[in-house]
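Residue strings, one per chain:
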Amino acid sequence: MNKGKIKQILLITDGCSNQGEDPAAMAALAKEHGIVVNVIGVMENYETDDHGMKEIDNIASAGGGVSQVVQTKQLSQTVQMVTRQAMTQTIKGVVNQELQDILGDSKSMEDLPPEKRGRVMEVVDDLGETVDLEVCILVDTSASMKTKLPTVREALLDLSLSLTSRMGKNQFCLYTFPGKRKDTSKIMSWTPKIDHISQVFSKLASGGVTPTGPAIRDVIKSFSTSSRRHLISHDDEAYDDGPRY
Amino acid sequence: MMMKPMMMDQDIKLHSGTRIYGKWHKKNYQIIRHLGSGAQGTVYLAHSNQGEVAIKFGKDPSSLISEVNILKRFVALQGDPLGPYLYDVDDWVTNKGTINFYVMECIKGVTLDDSIRHKGFEWTCVFILQLLKDLSRLHELGFVFGDLKPENLMITESNYRIRCLDFGGTTQIGRSIKEYTEFFDRGYWGMGIRKAEPSYDLFAVMMIFIYAAEKRRFNKTEHPRDELIKKIKTNPKLKPFEKILLKALGGQFHHANDMRQAFLYKMNETNRIDSRITRRRTASSPSKKRYQKKKSVSGWIGASVWAVVIITLYVMYTVLYVM
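In order, the protein sequence lines correspond to chains A and B. Quick note on my numbering: the first sequence kicks off at 1 and runs consecutively. Quick note on my numbering: the second sequence kicks off at 1 and runs consecutively.
By construction, these hints were calculated from the structure, which means they are not laboratory data. Heads up, a few of these hints could be off.
Restraint ranges, calculated between C-beta atoms of paired labels, are given here [claimed, not checked]:
1. B/15 - A/164: 42 to 48 Å
2. B/96 - A/50: 22 to 28 Å
3. A/130 - B/120: 44 to 50 Å
4. B/182 - A/146: 23 to 29 Å
Using 25 Å as the maximum straight-line C-alpha spacing, the simulated BS3-like pairs for lysine-lysine come out as follows [stated by the list, open to error]:
5. A/116 - B/26
6. A/73 - B/215
7. B/119 - B/239
Glycine included, C-beta positions come from ideal geometry on N, C-alpha and C.
Build the full structure now, drawing on both the sequences and the hints.
Here it is, written out as structure tokens:
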């Protein structure tokens, strides 16, 4: 049985965008394409940056995802947790939709008595374990991120450990922004092996402005739109650069 | 203004005396005090019709459900309980929204963490044996505990027995571990993936052992594996168990019971070594020396009698506290 797949953008940044479209609007656009946008804000000792935090929060809510601001050293576990939570959230959204179709009006999982909810949650857990997952990792490499990049690399390797332990298939790609002469640059094409990141990461250069919005807009195109049934959206355009299994 | 870290969900804060009313099963509870907070929710001590109970409140409406599913499976089990007994699962409707909670048996005692800090290492050895026995049963049921750490283990006040708490990380064998804590996670130390298999838990048991000997958590450095091996080989408390610990480190134990047997055997042996040292010390005292000169054979007999007595005492002690 084809269970469809979950598509996520994982944005790792440390603060305010300063060029191009509003990133929250671009995240909302991604959501329209059936892609959930999760944001992890990497801060050094909780810099007092209300504006940056607000932006991080806005991007995730517009993109239907999860956001979390962390200190650099806690990054690994957070990346893993956010990806997992967002996945569960997406599946729950789909299950709730199905429940509403079956039960009518505005019934959701939480309206079921605890006993029945337990059964539904088992299905959610099952799906979370077996569904295919596509994660486009989008890393901010503007000047201020320079010292944080080694930790980001570490966190992504750690993410691969958790995801490769799943029963479902995984596909990853890696983009950074700003790119040379354009908003983003593709560092790694879709691959099931996230550990390839290890090699490419040492070559990453940091510096420049922070075009977060345009970067999100760019990576939406990287997702596949083959005829496979998608979990949350059916109306995508076709691009040939999609993940291959 | 100093911004606090943004958490995905805030901890639930309840005052003592707060009344909790279950939406579905219509039961009443009254909060006594806060007991602890975990990744999935917050636990409070409360009054109920059945006496004192522990209530766990979930951070989001469905976060506790998987945990409850696990606890329900334990109810049918024979023998010593694997987890706290589950009394009730319900929703509490507040003016800020609905909070789901479950009510469980309140286990009185101290955490393994407290025990490690305040009691001798020999106690840790005994608790590890008990833990391995419980894990073996859990694995047989088809689950891996996952987030195994001293804070999630209680030592009961009444009979010095280890009990697992917080089944939020408990995962079906073959799936990916739901929840973990870096220091006790084999993935963090580069010793394997986070797949739920018995060896995952056994790695954590080994880390608990290292933690108990070192009495601190340390961060990994460039070569995490070598670092752990060095700790095992140089710490005098760990050295006697080197072979077992290295085997668990490499994921070569596939059954908790195998690791338990290895520990049990080693602990007896270690005790023998200890008693031999004590004997030599007593033998060198002046009064004993005279005896030895007269009849060295009787000295040997005396020593072996002592050894037998000590071993028997140890075995009895193990039987009493472990079984």
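Status of the hints after comparison with the structure:
Hint check: residue 15 of chain B to residue 164 of chain A, Cβ distance near 45 Å, so the stated range 42 to 48 Å holds. Judged by the Cβ atoms, the range 22 to 28 Å given for residue 96 of chain B and residue 50 of chain A holds: they are separated by roughly 24 Å. Range check, residue 130 of chain A to residue 120 of chain B: Cβ separation about 47 Å, and the 44 to 50 Å hint holds. The beta-carbon spacing between residue 182 of chain B and residue 146 of chain A, approximately 25 Å, falls within the hinted interval of 23 to 29 Å.
A distance of roughly 17 Å separates the Cα atoms of residue 116 of chain A and residue 26 of chain B; the hinted pair therefore holds under the 25 Å criterion. At roughly 22 Å between alpha-carbon atoms, residue 73 of chain A and residue 215 of chain B fall within 25 Å of each other, so this suggested pair holds. Our distance criterion of 25 Å between C-alpha atoms is met by residue 119 of chain B and residue 239 of chain B, whose separation comes to about 20 Å.
Violated hints for the displayed structure: none, as all numbered hints are satisfied.
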